[in-house]
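So you can see what is in the structure, the chains are spelled out below.
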Amino acid sequence: MVANVQIIGLRKTFGPTVAVDDFSLTVAEGEFVALLGPSGCGKTTVMRMIAGITDPDQGQITLSGQRIDALMPERRHVGLVFQSYALFPHMSVARNVAFGLKMRRQTAGQIAVKVAETLALVDMSSYADRLPRELSGGQQQRVALARAIAIEPRLLLLDEPLSNLDAKLREQLRDDLKALQRRLGITTIHVTHDQSEAMALADRVVVMNAGAIVEVGTPRDLYQTPKTRFTAQFLGHTNIIPARVQFGRMITPWGELLGAAPLGAGAVQLSVRPEDLGLAACDQGAGHVTEVTFLGAEVEHRIAIAGLMLRSRSSGRDAPVHPVGTKVVLSFPADLHHLSQEPAL
Amino acid sequence: MKGRWLSIGLYSALALTLLAPMVVAALWSLVDPKGGWFAPDIVPRAISLHHWQAIGLDRSLLNSIGLSVVISLAVTALSGLLALPTAYALAKIPFRAKRAIEMFILAPLIVPGLIVGIGIGYLFFRVGLAYSVPGVILAQTIGTLPFMIRILSATLEAIPADLIFAARSLGATPFKVGLHIVAPLAWPGFIAGGMLTFVSSFEEFEKTFIVGAPQVETLTVKLWAVLGGKVMIFPNAAVVTFIVLVPTVLIFFLAERAMRNDGALAAGMGKL
Ligand SMILES: Nc1ncnc2c1ncn2[C@@H]1O[C@H](COP(=O)(O)OP(=O)(O)O)[C@@H](O)[C@H]1O
Ligand SMILES: [Mg+2]
Numbered sequence: 018m019v020a021n022v023q024i025i026g027l028r029k030t031f032g033p034t035v036a037v038d039d040f041s042l043t044v045a046e047g048e049f050v051a052l053l054g055p056s057g058c059g060k061t062t063v064m065r066m067i068a069g070i071t072d073p074d075q076g077q078i079t080l081s082g083q084r085i086d087a088l089m090p091e092r093r094h095v096g097l098v099f100q101s102y103a104l105f106p107h108m109s110v111a112r113n114v115a116f117g118l119k120m121r122r123q124t125a126g127q128i129a130v131k132v133a134e135t136l137a138l139v140d141m142s143s144y145a146d147r148l149p150r151e152l153s154g155g156q157q158q159r160v161a162l163a164r165a166i167a168i169e170p171r172l173l174l175l176d177e178p179l180s181n182l183d184a185k186l187r188e189q190l191r192d193d194l195k196a197l198q199r200r201l202g203i204t205t206i207h208v209t210h211d212q213s214e215a216m217a218l219a220d221r222v223v224v225m226n227a228g229a230i231v232e233v234g235t236p237r238d239l240y241q242t243p244k245t246r247f248t249a250q251f252l253g254h255t256n257i258i259p260a261r262v263q264f265g266r267m268i269t270p271w272g273e274l275l276g277a278a279p280l281g282a283g284a285v286q287l288s289v290r291p292e293d294l295g296l297a298a299c300d301q302g303a304g305h306v307t308e309v310t311f312l313g314a315e316v317e318h319r320i321a322i323a324g325l326m327l328r329s330r331s332s333g334r335d336a337p338v339h340p341v342g343t344k345v346v347l348s349f350p351a352d353l354h355h356l357s358q359e360p361a362l
Numbered sequence: 008m009k010g011r012w013l014s015i016g017l018y019s020a021l022a023l024t025l026l027a028p029m030v031v032a033a034l035w036s037l038v039d040p041k042g043g044w045f046a047p048d049i050v051p052r053a054i055s056l057h058h059w060q061a062i063g064l065d066r067s068l069l070n071s072i073g074l075s076v077v078i079s080l081a082v083t084a085l086s087g088l089l090a091l092p093t094a095y096a097l098a099k100i101p102f103r104a105k106r107a108i109e110m111f112i113l114a115p116l117i118v119p120g121l122i123v124g125i126g127i128g129y130l131f132f133r134v135g136l137a138y139s140v141p142g143v144i145l146a147q148t149i150g151t152l153p154f155m156i157r158i159l160s161a162t163l164e165a166i167p168a169d170l171i172f173a174a175r176s177l178g179a180t181p182f183k184v185g186l187h188i189v190a191p192l193a194w195p196g197f198i199a200g201g202m203l204t205f206v207s208s209f210e211e212f213e214k215t216f217i218v219g220a221p222q223v224e225t226l227t228v229k230l231w232a233v234l235g236g237k238v239m240i241f242p243n244a245a246v247v248t249f250i251v252l253v254p255t256v257l258i259f260f261l262a263e264r265a266m267r268n269d270g271a272l273a274a275g276m277g278k279l
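Heads up: the sequence lines are chains Z and C, in that order.
Mapped onto this note's numbering, the consecutive letters of the first sequence carry residue numbers 18 to 362.
Mapped onto this note's numbering, the consecutive letters of the second sequence carry residue numbers 8 to 279.
These aren't lab readings, by the way, just hints derived from the structure by calculation.
Be careful, since some hints might not be right.
What the hints assert, rightly or not - Each computed DSBU-like pair below joins lysine-lysine, with the alpha-carbon atoms no more than 35 angstroms apart: (1) Z:Lys-119 / Z:Lys-131; (2) Z:Lys-244 / Z:Lys-195; (3) Z:Lys-131 / C:Lys-183; (4) Z:Lys-195 / Z:Lys-119; (5) C:Lys-41 / Z:Lys-119; (6) Z:Lys-185 / Z:Lys-244; (7) Z:Lys-185 / Z:Lys-131; (8) Z:Lys-195 / C:Lys-183; (9) Z:Lys-185 / Z:Lys-195.
Said to hold, decoys possible - Reference excerpt, derived from the structure (chain Z facing chain C, CB under 10 angstroms, subset only): (10) Arg-92; (11) Pro-106; (12) His-107; (13) Leu-118; (14) Arg-164.
Note that the Cβ used here is the ideal one computed from N, Cα and C, for glycine as well.
Start from the sequences, fold in the hints, and give me the full structure.
Structure follows, in structure tokens:
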């Protein structure tokens, strides 16, 4: 029932705009993959091509070995949740959820059972007779999800399903969505421009930029060992430090990093997360604090050093606070990371 | 709140454009022929149903009413049938020449009916459609079609494309999408367009007269006959005027009710 997905060389242009180019991706059965990228990078276009709403210019889409890219959307058996929810405004919640089952010619009895079951799954049983306009955004979102999963799709596509909700609700629905997906085991592709949402939900994240895939990996790998500057900066904040490797020593703009394991060769770009960058007051320090920001859970220091502007974050009640102007030395993690796919500066 | 102001607006328009002429027409239709109605008097000296009775006895008037209703129904149905595919194309298919085509379709709206009528009249005479009911139906449809296309395409444009895609991905064929999604969401526009078409057909004169008269005698043609004979029979004309105005008043009333009660239908009416 649940399918694996194989996409090869997908391309779509709108006039002069190349919306998606050379997009290839494999998704395992039951896997949860997030497409992450800035607005306008082609995420929706990919989803629409998989669902059959937009025809690709080139490429293949295969579900469990069956080519679907030439099938009409109604033949693909793919569940789709739109950013706008796209609930049918003239139908009650129950009729919205029943729609796909009715199109599949199930009996009234079967439909009633399935609708009740699905509404219970998304915790909307008591709203079955409401019209969509009588629901809040979060409730509409749940109904849209119920409508898509009621048909037991081979693949579930979610296009920014949480982006119209406020922050608190978004977090809660995110957790519910994850639990539901694990429970049903539906292969899912989830589109978002929110990196924390992508990392919280997905088994694997596909980072996109300007119509193309930049990097694919688990949330942990992409966050800790990104290969590109784009990924490093799109997933949270990072400090990019140009450096040189000479005779097994790491040379930064302000001097040698003592004790650093040699990595790469010649010019490299180091990527150090603000929470990994340590800070200590020292009169001989090469850097000085230019700004201190209290963020609640964390304190952020900005440090000017050898013409670079770096950030350091520390958390907890006892996190030290250094006033602006304090001379500081920086400490780096033992396993330094550099952006291996980034051309040297 | 919004509903109330709409109602007030509609009723004011109704009073100005319909009620005033209707009161005058009503008074004229009730003038007692023995008393008459002359200059300084604000109301006639004596009231009688004489003219209503006279007209009621006139078989040809009943025939005209029947003919007008049949023609207007046919024009409404034909306009709907012809407008739907055009409106659909205008609303959904993005082609470059769209604006030009829109202009072309809507052109008859700004050309006076008489000019269109003369053109059509000549053409229909040549092809043998003159003086026939089908000829009149066709001539009127040419006039009402632009309205119908405007209203229907505005209605269809208002349906979000995502609804249609959602239905398709849930397993609905294009036909099922039309049946279960587009039709239920578009019917207020269809009703609004239908009512407007019916009224404008019922009241149409120029094209009907040029193409159909004297053989095809609709109510408006009849009204002309009553008004334009050797002597002008004002009270008789008033009675016919009254009957011509009935559907308009009815539809004004329905539209007002719709705005007050049904959001969907009000939206449809908004497209008038
Ligand atoms: N129907 C369309 N016509 C023209 N350009 C389009 C259309 N759909 C998308 N685009 C363009 O393709 C690019 C990718 O759009 P989209 O897939 O919606 O991005 P995302 O979902 O990542 O924000 C954008 O530059 C957008 O303007
Ligand atoms: Mg999008």
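Practice item. Starting from Z:Lys-244, check that the Cα of Z:Lys-195 is at most 35 angstroms away, please. Key: It holds: about 27 angstroms lies between the C-alpha atoms, which stays within 35 angstroms.
Review point. Given the hint that Z:Lys-185 pairs with Z:Lys-131, does the C-alpha gap stay at or below 35 angstroms?
Key: Holds: Z:Lys-185 and Z:Lys-131 sit about 30 angstroms apart, inside 35 angstroms.
**Study point:** Proposed proximity, Z:Lys-195 with Z:Lys-185 (alpha carbon, max 35 angstroms)
**Key:** 16 angstroms, holds
Review point. For the pair supplied as a hint, Z:Lys-185 and Z:Lys-244, is the alpha-carbon distance within the 35 angstroms limit?
Key: Measuring from Cα to Cα gives roughly 32 angstroms; hence the hint holds.
**Study point:** Restraint outcome when Z:His-107 is required to lie within 10 angstroms of chain C by C-beta distance
**Key:** For Z:His-107, the interface hint holds, since the closest Cβ of chain C sits about 5 angstroms away, which is under 10 angstroms.
**Study point:** Status of the hint placing Z:Arg-92 at chain C (closest C-beta pair under 10 angstroms)
**Key:** 8 angstroms, holds
Check your understanding: Given the hinted pair Z:Lys-195 and Z:Lys-119, is their alpha-carbon gap at most 35 angstroms?
Key -> Roughly 28 angstroms between the alpha carbons, so the hint for Z:Lys-195 and Z:Lys-119 holds.
Review point. Do the numbers back the hint for Z:Leu-118, that is, is its least Cβ distance to chain C under 10 angstroms?
Key: 9 angstroms, holds
Check your understanding: Does the CB of Z:Arg-164 sit less than 10 angstroms away from some CB of chain C?
Key -> 7 angstroms, holds
Check your understanding: When you check the alpha-carbon spacing of Z:Lys-195 and C:Lys-183, does it fall within 35 angstroms?
Key -> 33 angstroms, holds
Practice item. Tell me if Z:Pro-106 is really an interface residue toward chain C, meaning its C-beta lies closer than 10 angstroms to one of theirs. Key: 7 angstroms, holds
**Study point:** Agreement of Z:Lys-131 and C:Lys-183 with the hint, judged by alpha carbon distance not exceeding 35 angstroms
**Key:** Holds, because 21 angstroms separates the two Cα atoms, which is no more than 35 angstroms.
Of the numbered hints stated above, the single one contradicted by the structure is hint 5.
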